[in-house]
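Enquirer: What follows is the residue order along each chain.
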Amino acid sequence: MREQKFIVSPAPHLSSGVTVNKIMWSVSLALLPAIVGAVYFFGVKVLQIIGVSILSAIITEAIILWLRKKPVAISDGSAFLTGLLLALNLPQDIPLWLPALGSAFAISVVKQTFGGLGHNIFNPALGGRVFLLLSYSRYMTTGWATPRAGIISIDGITSATPLTAWLDANRTLSDPNAAENVKVLASQHLNDLHSSDTLLRLFTGNIGGCIGETAALLLIIGAIFLLVKGIISWHIPLSFLGSLAVFAWLLWIPGASKPFHGNVLFHIFSGGAILGAFFMATDMVTSPMTGEGKIIFGLGCGFLTAIIRLYAGYPEGVSFAILLMNAATPMIDRYAKPRRYGNA
Amino acid sequence: MRLLRRSTPRNDKYGVMNMLREFLKGLFKENPVFVLMLGLCPTLAVSTSFANGLGMGIATTFVLVSSNLTISITRKLFPQRMRIPCFIIIIATFVVIVERILSAYLPELNRQLGIFIPLIVVNCIILGRAEAFASRNSPARAVVDGLGMGFGFTAGLLIISIIREALGSGKIFGVSISTEFEPVALMLLPPGAFLTIGFILALKQMKRKR
Chain A
0 MREQKFIVSP
10 APHLSSGVTV
20 NKIMWSVSLA
30 LLPAIVGAVY
40 FFGVKVLQII
50 GVSILSAIIT
60 EAIILWLRKK
70 PVAISDGSAF
80 LTGLLLALNL
90 PQDIPLWLPA
100 LGSAFAISVV
110 KQTFGGLGHN
120 IFNPALGGRV
130 FLLLSYSRYM
140 TTGWATPRAG
150 IISIDGITSA
160 TPLTAWLDAN
170 RTLSDPNAAE
180 NVKVLASQHL
190 NDLHSSDTLL
200 RLFTGNIGGC
210 IGETAALLLI
220 IGAIFLLVKG
230 IISWHIPLSF
240 LGSLAVFAWL
250 LWIPGASKPF
260 HGNVLFHIFS
270 GGAILGAFFM
280 ATDMVTSPMT
290 GEGKIIFGLG
300 CGFLTAIIRL
310 YAGYPEGVSF
320 AILLMNAATP
330 MIDRYAKPRR
340 YGNA
Chain B
0 MRLLRRSTPR
10 NDKYGVMNML
20 REFLKGLFKE
30 NPVFVLMLGL
40 CPTLAVSTSF
50 ANGLGMGIAT
60 TFVLVSSNLT
70 ISITRKLFPQ
80 RMRIPCFIII
90 IATFVVIVER
100 ILSAYLPELN
110 RQLGIFIPLI
120 VVNCIILGRA
130 EAFASRNSPA
140 RAVVDGLGMG
150 FGFTAGLLII
160 SIIREALGSG
170 KIFGVSISTE
180 FEPVALMLLP
190 PGAFLTIGFI
200 LALKQMKRKR
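Residue numbers (numbering that gives the first Met the number 0), protein chains in the order written: chain A, 0 to 343; chain B, 0 to 209.
Isolated chain A, as found in the complex:
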């Protein structure tokens, strides 16, 4: 390595005392309520998944940093956080080698091949999740555990995720060949999903879904902590959830629903929207730098999430939406460049 006397780096140059360490551990701390909630709703098995995922992430990071002859900085918490976030994005009933493999892929391919912390284009945890989803969709779309107290026992709600049930019902309704009585049942399902009872369960987390994404309330508590500490800004979560709300309300599935009638609360609180908007899309490395850029980023995430949920093959689109906007981030940063000081 050539010795450099002057370090040339892009702005900002002021140091604020906020270190990578502090950010990573604060975000992990903010996820603690959601983890406690997950253990309560789905049992102790989720701790195994979380543990394996984190362990695999840290080991992979250490090995690759050692191979690259870089300081083995696993105590900065970035690998820990990647492993944790990946685990929170997995179903409960999966073999334990799945989180291990996913974390190893996330760290080795999505993060380290691009140059490690600060250089990755895509969010490592989401990259790992999408890798698992595309490779092992058998486990990733069926491994839902029934939450602890399944109060209502409508088919498709307690066994699958609300979004899967929602998509199935909508598909049945828009299918011209479906029998009439099946359609009646489907619209009944849809009504149940949109009922205030289901919305309350979505908010508190007592419903099927990935380990850490179900309890909106607990995630929001963590998010408020991060907002107050100034680790995340309001731009991305607000524009993300706002545009998801607008497009979920505005868009429709032909034959199944009408425009301007979408259930906004259902879409915001189901699936990974809250977890994605507050904890994944706000990743500093892979999101734009300026406030304006962040708003564009969030709007794009919300729009893509709505499109994928309504019209694509997968019931949930948060991970794909964020990854696609990660790819657009360099472009957004060019567009939303702050005006140069001193220039007219």
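The set of hints was computed from the structure by calculation and includes no laboratory data. Mixed in with the good hints there might be a few duds.
Said to hold, decoys possible - Once the Cα atoms are required to be at most 25 Å apart in a straight line, the calculated PhoX-like pairs of lysine-lysine come out as:
| id | chain 1 | residue 1 | chain 2 | residue 2 |
| --- | --- | --- | --- | --- |
| 1 | A | Lys-68 | B | Lys-203 |
| 2 | B | Lys-170 | A | Lys-69 |
| 3 | B | Lys-28 | B | Lys-170 |
| 4 | B | Lys-28 | B | Lys-208 |
| 5 | B | Lys-206 | B | Lys-24 |
| 6 | B | Lys-203 | B | Lys-24 |
| 7 | B | Lys-28 | B | Lys-203 |
| 8 | A | Lys-228 | A | Lys-21 |
| 9 | B | Lys-208 | A | Lys-69 |
| 10 | A | Lys-69 | A | Lys-21 |
| 11 | B | Lys-208 | B | Lys-24 |
| 12 | B | Lys-203 | A | Lys-69 |
| 13 | A | Lys-68 | B | Lys-208 |
| 14 | B | Lys-206 | A | Lys-68 |
| 15 | A | Lys-257 | A | Lys-182 |
Since the structure of chain A is already known, use the hints to place chain B on it.
Expert: Showing chain B alone in chain A's frame:
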């Protein structure tokens, strides 16, 4: 520019060693897949199994050798400004031959390779060799160059295919390896192709830097 460079000195053009060098450059020094990075579209798209890779490699090699030969024989007939359309017509002729033969005798392979057989017409390797080599060299040398480049392309395709088939469907040459191994389906999808070629190139760079 690398393509346009004359790879051998002018004297003793038809010596055995020179011919051998002309042949071997396609396999190693100027391997179309890993060095020239040409023809990546079919390489990435059809390398999902060994059989597909082999079929594509042979089809491309046939077109490459035949078009190199024909273009080299007729090279003095083309007006300078019209040469590219002439090359394309000659290449397209051989692609049609390949396509007809495949659909008659190997319909299953033809179905698997699909649109990528007609797309051999616009394969950069073939047009690149026509422009850079066949149109400036004698027929014998053009055929040797076509064979070398074709085998180099096939070899590259097979290396990627074997890796993707093993990881993506848990098979080697179409035979299952183990019932315990759960294949990584992503390796059969386009990202798998990019990851494979990316890692191969990275390994190559690593070796070169040492």
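Enquirer: Compare the structure with each hint and give your call.
Expert: Here is what the structure says about each hint:
1. A:Lys-68 - B:Lys-203: holds, 19 Å
2. B:Lys-170 - A:Lys-69: Since the Cα atoms of Lys-170 (chain B) and Lys-69 (chain A) sit roughly 37 Å apart, the hinted pair is violated (cutoff 25 Å).
3. B:Lys-28 - B:Lys-170: violated, 31 Å
4. B:Lys-28 - B:Lys-208: The given pair, whose Cα atoms are some 16 Å apart, holds under the 25 Å limit.
5. B:Lys-206 - B:Lys-24: Judged against 25 Å, a Cα distance of about 19 Å means the pair holds.
6. B:Lys-203 - B:Lys-24: Holds, because 17 Å separates the two Cα atoms, which is no more than 25 Å.
7. B:Lys-28 - B:Lys-203: holds, 12 Å
8. A:Lys-228 - A:Lys-21: The hint holds at about 11 Å.
9. B:Lys-208 - A:Lys-69: Holds, at roughly 18 Å.
10. A:Lys-69 - A:Lys-21: holds, 21 Å
11. B:Lys-208 - B:Lys-24: Holds. Lys-208 (chain B) to Lys-24 (chain B) sits at ~21 Å (cutoff 25 Å).
12. B:Lys-203 - A:Lys-69: Cα-Cα ~21 Å, so holds.
13. A:Lys-68 - B:Lys-208: Holds. Lys-68 (chain A) to Lys-208 (chain B) sits at ~15 Å (cutoff 25 Å).
14. B:Lys-206 - A:Lys-68: holds, 16 Å
15. A:Lys-257 - A:Lys-182: Answer holds: Lys-257 (chain A) to Lys-182 (chain A) is near 16 Å, not above 25 Å.
This entry does not satisfy hints 2, 3, going by the numbered hints stated previously.
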